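Number of protein chains: 2
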Amino acid sequence: MYQKINSNTIIMVKVSSRGNSMPLSPIRKLVPYAEGAKRKGRKVYHLNIGQPDIATPEVAINALKDISFNVIEYSHSAGFEGYRKKLVNYYKTIGIDLDINSIIITAGASEAISMAFMSVMDAGDEVIIPEPFYANYNGFATASGIKIVPVTSKIDDGFALPPIEEFEKLITPRTKGILICNPNNPTGYLYSEEELMKLKEIVLKHDLYLFADEVYYEFCYDGLEHLSVMRIDGLENHVILFDSVSKRYSECGVRIGAMISRNKDVMSIAMRFAQARLSPPSLGQVVGEASLDTPKEYFKEVYDEYIDRRNFLVEELNKIEGVVCPKPKGAFYCMVKLPVDDTDKFAQWLLEDFEYNNQTIMMAPASGFYATPGLGKDEVRIAYVLKKEDLASAVECLKHALEVYPGRK
Amino acid sequence: MYQKINSNTIIMVKVSSRGNSMPLSPIRKLVPYAEGAKRKGRKVYHLNIGQPDIATPEVAINALKDISFNVIEYSHSAGFEGYRKKLVNYYKTIGIDLDINSIIITAGASEAISMAFMSVMDAGDEVIIPEPFYANYNGFATASGIKIVPVTSKIDDGFALPPIEEFEKLITPRTKGILICNPNNPTGYLYSEEELMKLKEIVLKHDLYLFADEVYYEFCYDGLEHLSVMRIDGLENHVILFDSVSKRYSECGVRIGAMISRNKDVMSIAMRFAQARLSPPSLGQVVGEASLDTPKEYFKEVYDEYIDRRNFLVEELNKIEGVVCPKPKGAFYCMVKLPVDDTDKFAQWLLEDFEYNNQTIMMAPASGFYATPGLGKDEVRIAYVLKKEDLASAVECLKHALEVYPGRK
Numbered sequence: 021m022y023q024k025i026n027s028n029t030i031i032m033v034k035v036s037s038r039g040n041s042m043p044l045s046p047i048r049k050l051v052p053y054a055e056g057a058k059r060k061g062r063k064v065y066h067l068n069i070g071q072p073d074i075a076t077p078e079v080a081i082n083a084l085k086d087i088s089f090n091v092i093e094y095s096h097s098a099g100f101e102g103y104r105k106k107l108v109n110y111y112k113t114i115g116i117d118l119d120i121n122s123i124i125i126t127a128g129a130s131e132a133i134s135m136a137f138m139s140v141m142d143a144g145d146e147v148i149i150p151e152p153f154y155a156n157y158n159g160f161a162t163a164s165g166i167k168i169v170p171v172t173s174k175i176d177d178g179f180a181l182p183p184i185e186e187f188e189k190l191i192t193p194r195t196k197g198i199l200i201c202n203p204n205n206p207t208g209y210l211y212s213e214e215e216l217m218k219l220k221e222i223v224l225k226h227d228l229y230l231f232a233d234e235v236y237y238e239f240c241y242d243g244l245e246h247l248s249v250m251r252i253d254g255l256e257n258h259v260i261l262f263d264s265v266s267k268r269y270s271e272c273g274v275r276i277g278a279m280i281s282r283n284k285d286v287m288s289i290a291m292r293f294a295q296a297r298l299s300p301p302s303l304g305q306v307v308g309e310a311s312l313d314t315p316k317e318y319f320k321e322v323y324d325e326y327i328d329r330r331n332f333l334v335e336e337l338n339k340i341e342g343v344v345c346p347k348p349k350g351a352f353y354c355m356v357k358l359p360v361d362d363t364d365k366f367a368q369w370l371l372e373d374f375e376y377n378n379q380t381i382m383m384a385p386a387s388g389f390y391a392t393p394g395l396g397k398d399e400v401r402i403a404y405v406l407k408k409e410d411l412a413s414a415v416e417c418l419k420h421a422l423e424v425y426p427g428r429k
Numbered sequence: 021m022y023q024k025i026n027s028n029t030i031i032m033v034k035v036s037s038r039g040n041s042m043p044l045s046p047i048r049k050l051v052p053y054a055e056g057a058k059r060k061g062r063k064v065y066h067l068n069i070g071q072p073d074i075a076t077p078e079v080a081i082n083a084l085k086d087i088s089f090n091v092i093e094y095s096h097s098a099g100f101e102g103y104r105k106k107l108v109n110y111y112k113t114i115g116i117d118l119d120i121n122s123i124i125i126t127a128g129a130s131e132a133i134s135m136a137f138m139s140v141m142d143a144g145d146e147v148i149i150p151e152p153f154y155a156n157y158n159g160f161a162t163a164s165g166i167k168i169v170p171v172t173s174k175i176d177d178g179f180a181l182p183p184i185e186e187f188e189k190l191i192t193p194r195t196k197g198i199l200i201c202n203p204n205n206p207t208g209y210l211y212s213e214e215e216l217m218k219l220k221e222i223v224l225k226h227d228l229y230l231f232a233d234e235v236y237y238e239f240c241y242d243g244l245e246h247l248s249v250m251r252i253d254g255l256e257n258h259v260i261l262f263d264s265v266s267k268r269y270s271e272c273g274v275r276i277g278a279m280i281s282r283n284k285d286v287m288s289i290a291m292r293f294a295q296a297r298l299s300p301p302s303l304g305q306v307v308g309e310a311s312l313d314t315p316k317e318y319f320k321e322v323y324d325e326y327i328d329r330r331n332f333l334v335e336e337l338n339k340i341e342g343v344v345c346p347k348p349k350g351a352f353y354c355m356v357k358l359p360v361d362d363t364d365k366f367a368q369w370l371l372e373d374f375e376y377n378n379q380t381i382m383m384a385p386a387s388g389f390y391a392t393p394g395l396g397k398d399e400v401r402i403a404y405v406l407k408k409e410d411l412a413s414a415v416e417c418l419k420h421a422l423e424v425y426p427g428r429k
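So the sequences go chain by chain: A and B. Under my numbering, think of the first position of the first sequence as 21, with each following residue one higher. Under my numbering, think of the first position of the second sequence as 21, with each following residue one higher.
Keep in mind that the hints were calculated from the coordinates and are not lab data. In this text, all values refer to a predicted model and were calculated from it rather than measured experimentally. Any given hint could turn out to be false.
One copy or any two copies: either way a pair holds, since identical chains are not told apart in the list.
[Stated by the list, open to error] Capping the alpha-carbon separation at 30 Å, the derived lysine-lysine pairs in DSSO-like fashion look like this: (1) K105 with K225; (2) K85 with K408; (3) K316 with K85; (4) K34 with K167; (5) K34 with K225; (6) K167 with K105; (7) K34 with K60; (8) K105 with K347; (9) K357 with K106; (10) K397 with K220; (11) K85 with K320; (12) K105 with K419; (13) K365 with K63; (14) K407 with K320; (15) K220 with K429; (16) K106 with K174; (17) K85 with K284; (18) K397 with K320.
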């Protein structure tokens, strides 16, 4: 990448190989086409994003309006002690016993994941992740020089946990952990107790970390209960949990998450990374702390809204010929199989060449959620973060688009 | 670090080598001793921190109270476009021409530095930094696997830029850049135009990046003007600037900084890292944007306050026998040479074994600011972020402490 010069000739300094390897967001590539469609006056339904349209709890917004300090100071590098104490009580209500030293407040779950990867893995180490998975895990892995080893979950199984033997085959001396997202983004799958017990066994057998991204855990449907890996006995030193207020209280912009572990060595190392960046966002912590007093009715309303959207969306999608959509049991995403040649092309075509009543849709092509090349070519991820009327119009668009798309299979 | 097992014996998973190499904060080690002193009922003057006691501008606090949105959403990964547009205007007023694509809003200057290091350097690459330097550069370097090569600036020269030949000697095929902090934390030194021109020459000759941390640039004293490296012709593609609102508006807790460069390749790669973490803090951006309307009188008052503190502190320190404190020309730190055996021991002793009228002081031992082992043993950094009365009491403490400290030289 770099050439030495001895003359005064100016050659240009270059970027890093790691920077060049950083994956582009699978959605980002489509943004110019979405902007183009909007310039043509078309309405674009954004099914591609995880930004909920639900209002942030009033109690959280009011906390900002009521601030009484006159200097916006750094917090403790692990977050305000008062906030962490309240979080300890909060986690207790969902069956998780912690103390304040097992929680480091981070700039979103994003920073928690980066911090955990850096704390327990060196460049070249490996983490096994069921694919399809949240695309930004790729970015955090590339930044920290670690390798994601995918184990494929299948749409025909509803994206259940792959057989544990498939994990076992992938374990090498460099394997340091397994990462699950539960409920899952992008699949909406909710792991069962039985599946989690299989993970427990393999984690203990090979002495691995179990990283768990549980940021969607309130969003579990059909009477199913979420089992946090933090509640599984015997994994105290193995589990590293990632949490976030972003989706729970619809406050993605505050950038408040947490890295949580009962493993004291891990937390002590993670604190060094936390101290280097001084402090997580103070104002976000004010909002996050106030959000802990959100009334129960808020969650009930949000839950009812998502259930309603999901039921409607999944039913309507499955009515379209050639479309398959397993019913998600959690989060607010579903993976959808479409009768097309290539969803990357299809998603672009929808924005560039298609309109129905001057409307079109933007979806996330699934290829970006798979690490195995070639997988996900006939799948997309749809986020049901829009109102039911809008979802209805979006499904109508999709139906018409599939009738005229030249790459239909 | 890792042992494979084939039996069901549970051995404990380990932390990473990189985590183990993460430096402990030079101040953090002293915290338990400061807590101990406070438990004994002693007043501790904190001369160790960079958290100013100055009030955040009212216009910034009011912006929070006036928010009208009901969902706290993600911003663009580079920051709200509106904020970046206003920043372009702001930088124009200080002679820096930019466009919005040359600015990525980050979670403090901390994230900007990490992002820049990752974007242009791979593991094993080197950056030359004049020492003593801001200790957290070590953390960002360790996290990204790069090596800091120190070039020593000396208290006897007032911490001027070391001779450019000293830099030249250190350049290897792995050298990718030079980093300066201007005005300097911890030394308070302000680089002259002549010094910056020498840096320009070497940067162009060896095709290096010039990283510049200019977060203290308003804080320049004695009629001296700050010359931003962004204003130097011919370095357009070489300069990467780190900025922050933390000290400028006394709002450290909002965690808003910026990575700024006119090099399009660099910014395009940095955007990938920005996209992986989705968004910088939205609320901090609201505050940062409002802060751009801070009335001029605010800065005048802050400036007068710091000048007053600095003049008092430096004069009083230099009156103490054996103490040397070069007059800082910028920022709000000074490096002080003390007649003691080891400032790490002295700083601990002050907290553990000393009191004067039931008061003591906490200072940052300078060893943490030097990368060369053994340097800085007789120096401390003092931040003049306390009121003059408190600085007076603190100096009084120091004077008495030096009279009775057993390790006096």
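Could you check the structure against the hints above and give me the numbers of any it violates, in ascending order? 1, 2, 6, 7, 8, 9, 10, 12, 15, 16, 17, 18
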